[in-house]
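Engineer: With the hints as your guide, set chain B onto chain F.
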Amino acid sequence: MTTNLIRTALSRGVNLSVLSDPKFKHNRISINLIVPLDAQTVSCNAILPFLLRKGSQSCKDFTQLNRRLDAMYGASLAADVSKSGGNQIITLGIKMLDDRFTLGGEALVQQAATLLRELLMEPLIEDGVFDRKEFFLERQNLIDTIESLINDKRSYALSQCRMLMGRNDSAALQKYGTVEQAQKLTPKDAAEAYRRLLDTAAVEIMFVGSGDPSAASEVMKKAFAGMTRAPQPFTDAKICPAGEETLKKVEYLDVAQSKMVLGFRSDKRGNMAEQSAMRLMTALYGGTPSSKLFLNVREKLSLCYYCAARYDRSSAVMFVDCGVEKENIESAKKEILVQLDEIRNGNFDDETLENTRLQIKNSLRAVSDYPGTLEEWYISRILSDEVATPEEEMRAIDAVTREQVIEAAKKIRLDAIYLLTSKEESVDA
Amino acid sequence: MLSETVACRRLEESYTRIVHPSGLTLMLCPMEGFSGAHALFATRCGSIDDSFAIGDEEYTTVPNGIAHFLEHKLFESEEGDAFEQYAKTGASANAYTSFDRTAYLFGCTDNFDQSIEILLNLVTKPYFTEKTVQKEQGIIGQEIRMYDDDPDWRVYFNLLGALYHNHPIRVDIAGTVESISEITAELLYRCYNAFYNLNNMVLSVAGNFDIDTVIKACDKILLPAAPVTVRTREVDEPQSVRERRVEQKLEVATPLFQIGFKGTPKSYRENILAQVTGEIVCDLAVGESTELYRTLYDEGLINASFGSEVMAGPNYLVNIFSGESRNPDEVFARILKGVEELQQNGISAEAFERARRAAYGRYAGVYSSVEAMAGMMVLASLADFSAYEPLELIDELTLNDAQAFLRENFDPARCALSVVRD
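Heads up: the protein sequence lines correspond to chains F and B, in order. Just so you know, we're using my numbering here: the first sequence kicks off at 96 and counts up by one. Just so you know, we're using my numbering here: the second sequence kicks off at 107 and counts up by one.
Extracted from the complex, chain F is given alone in its bound form (with noise of 0.2 angstroms):
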C-alpha cells in the first residue's frame, strides 16, 4: 500500500510532513531542527536535545514531565542528534496512541504537539544561562555517551574507519562530536546555540501514524508564527575521489576478535539512476545471504559470521565490514576484494542479479508498514532534496542493467582500511 507524503510549509524554513495510514495505533511527531555539521558547534549542538527534554517553563519538573507522559497513554518522548550527508540533526519527539484507541476520547494528538511546542520553545533558560545543575548533568552524559561509543565494537569500527576517510569533510564528523569540546562547554554556550539553532534551523515537522494531524498542524504553525529567523539551506557531504595511496589505521583494544572495515569512495554521488546502480551492486556483493560477500568469505572460507557491504548515498561512500579471528585478517581482506572483483568482471549469473533486484524491492515495498523506517526514508531524501517516493526508487532499481552494475563496482575504489584487534601479538603473525 502507497503512503504518500504531503508536505507543506508553515512559515519561511519550516516544513510539516504529514504521512498518514490508518493501518497503525499510534502517531509521532517530530520536530528536526537541521544545521550543517560544524566542528566548531557539532558539541555544543548535541546537548541542547538533552537539556529540552528536561522539562520547559510550563513543566519544569522531570517527574511531573514524565507523569503527564504516562497519563498520555505511556506517550514516549525522544530527543536524540542524528546526522545525514553534511547536516546535524536535532530531533524532539513524541510518540503515542492515536486518539481513536484511548479510553475516554483524549485528545492526545492535540495534547503531545503541545507539549513538544513547550520543550522547544520555552526551555529551562534564566537570565541568559540554562539551570547549572541540569546543565552539567547532562554535559557529562554526553561525555559519557561519547566515550561509551566504544561499547559497541562493530559501529565504533565502522565509524572510526568514516573519520578516517574524512579529509576535513564535515560530514565525516561523529554526529555528537567529541570529548575535548563538551569538557570545554558552559551554560551559556548552550543559551547561545539554543537561540542560533531556533534561529538559524531549517525544520522539518513530521508527522507519521492514522490520526488527523491537523490540530498538531495548528499547534506548529502558531509555535513558528512571528518569529524572524534566517533559516539555512541543508549541506550535502563533500564527494571526493579516493586517495591515491589507500589509509590505514590500527587499533589495539583488548578484544576475542578483530573487526575489520574497509571503505570505499566513489567519485560522484550521480543521478538517480547511478544511486539505484550502486545500490543494486552493493546488495549483490554484500547485502544478502545471496551475496558474493556471505556465500564466499562466510559460508564457503567459514571465515566470518557477518561480512557485509552497505552503501551511504549521501556521501558516495561504501564499507565493508567484518568480525574475523587475528590470524584470518589477511585470508578476509584478500576474498573480500577477490570477490568484488568478480562483479567487475562480470563474474554473477543473471538469475542472481534479478533474486537480488527482488530483495531490495521486496524491503523497499515493506517500508511503509513501519512508521519509523517511513520517516527516516523521508527525513533523508527531503535533506538531500531528492523525494522520491519507496515506489519511485523500485522502478529505478527495476531499470538498472548488468552493465550499470559493472559499472558502478568499477566507479568504487579502496580508499581506507581500519583494523581493531587485540593487543598481544599473534601466534601466527
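Think of the hints as simulated: they come from the structure by calculation, not from any bench. Each residue gets a CB set at the ideal place from its N, CA and C atoms; glycine is no exception. It is possible that part of the hints are untrue.
[Said to hold, decoys possible] Among the chain B residues that face chain F by a calculated CB cut under 10 angstroms, a handful are: (1) E138; (2) S198; (3) C214; (4) Q243; (5) G247; (6) R251; (7) D256; (8) G313; (9) N314; (10) I317; (11) A331; (12) E353; (13) E357; (14) T360; (15) L362; (16) R400.
[To be verified] Among the chain B residues that face chain F by a calculated CB cut under 10 angstroms, a handful are: (17) A197; (18) P344; (19) R432.
Structural biologist: Same frame as chain F, but now just chain B:
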C-alpha cells in the same frame, strides 16, 4: 480441521487459530493495509533444553548450544541452502534461538505462496552431514567470539550466572567454542526428532496474505505426525541466588550494570503473562516517573540508558534493571532500599493507574505491527493464551495484583548485581 476465531472487542480485530490435520497449530492474522507478511515457524526447543527423553527412553544430555546449532543447520538441505531458495522469492529470511524456543521466519511483500512452502520444507526436512556440521563450527565459533566482546551480552549472562545455581538459562544460548565442537550430525538428528514434532509446533502468520494459501501449503507439504511426549529434565533450582555480585573486565567506557531479582516462577503460561504485570511493577519501582529515578539521575548515578525488563519462561522469571553507572554498587543499594520501602508503604493507587494506562498505550502498538503480531501469536500458542490476553489483562489489572507481584518477585534476599568495567 479445528478452527476458531479469536477476537478482541476493544480493538475490533481478530485472528484465526486452526489445528491442521498434520497436528500443526496455525495462528493466522491477515492485517488490512499492510504490504508485507511475516511468518514464523516455531518450536518449544531452546537453549535450556539440554537434557531430554522421548517417550519412555532414557535421558540424553546434549552439548550446550545445540538448539542454536540446529537452527543454523536446518537452513541446509540436500538440494542446497534455503537462503538460495528464498532469494528467488525476494523474501528476507532469518531464524533465532532463545532460552525457550527456536523460530524460523521470513518477511515478504511478494511471492508469499512460494516463500511459505520454502519455510515449511526447510523446517520439516532436516539434512545434516559431518562435513556441513564442521563448516558450521567455524561460523558459529565466530558468532560466539563476537558475543565475547559484547559488553551488553556479557553483563546479562553474568547476571543470570549469579542468580541461578543449576538452571540452564545461566549458560550462553550459542554455547562455547568447546561445547559446539562436540556436536555431531547424529546428535542433531536426536534433538530434531525430539523437538520438531508438528504436534508441538506452531506456524504463525500476520499481515498481507490469504488464509487459504497457508492451509494449501500445509496440505501439500506436511505429513501427519504421531504425537510424541518429550520430557525435559526437571531443574533442581534452589530459591537462593548463587552469588550476590559478579564483575568482568572488558573494554568499555562507563561501567555497565544489571541488577536482577530472581522471581518465583509458576506455570509457563502464568510466567509469560506475568511479564505484563512485572513491567508495570518495575515502572512503579524505578520508572522515569518515580522519585527514586529522579534522585539517581540527578546525582549522576544513572543516565538515560537506564531501563528495566521482565524475562520469563519455563521455570524462570527475573526482573532486571540495567544501565551505565560510575558507581553500580550504590545504584544497587538504592534500588534495594527503594523496593523495600515500596513493599512496606504499598503502591499508591494514583501511581498504579498511571502506570497501567501507560502500559495499555504501549501494548496496543503490538497489534499494528506484522512482526510483533506474528511474534505474539507464537508465544500465545506455545504458552497457551490468547494473543490479545496481555492487553485484556492490563485492562483488568488491579492494585492488588501489582502488590502481589511486588511481594512475590522482588525479594531483597534474592537479587544480584552484575558489573562490566574497564
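Engineer: So, for every hint listed, does it hold in this structure?
Structural biologist: Checked hints:
no., hint, verdict
1, E138, "holds (7 angstroms)"
2, S198, "holds (7 angstroms)"
3, C214, "holds (6 angstroms)"
4, Q243, "holds (8 angstroms)"
5, G247, "holds (8 angstroms)"
6, R251, "holds (4 angstroms)"
7, D256, "holds (8 angstroms)"
8, G313, "holds (8 angstroms)"
9, N314, "holds (9 angstroms)"
10, I317, "violated (19 angstroms)"
11, A331, "violated (29 angstroms)"
12, E353, "violated (15 angstroms)"
13, E357, "holds (5 angstroms)"
14, T360, "holds (5 angstroms)"
15, L362, "holds (7 angstroms)"
16, R400, "holds (5 angstroms)"
17, A197, "holds (7 angstroms)"
18, P344, "violated (32 angstroms)"
19, R432, "holds (9 angstroms)"
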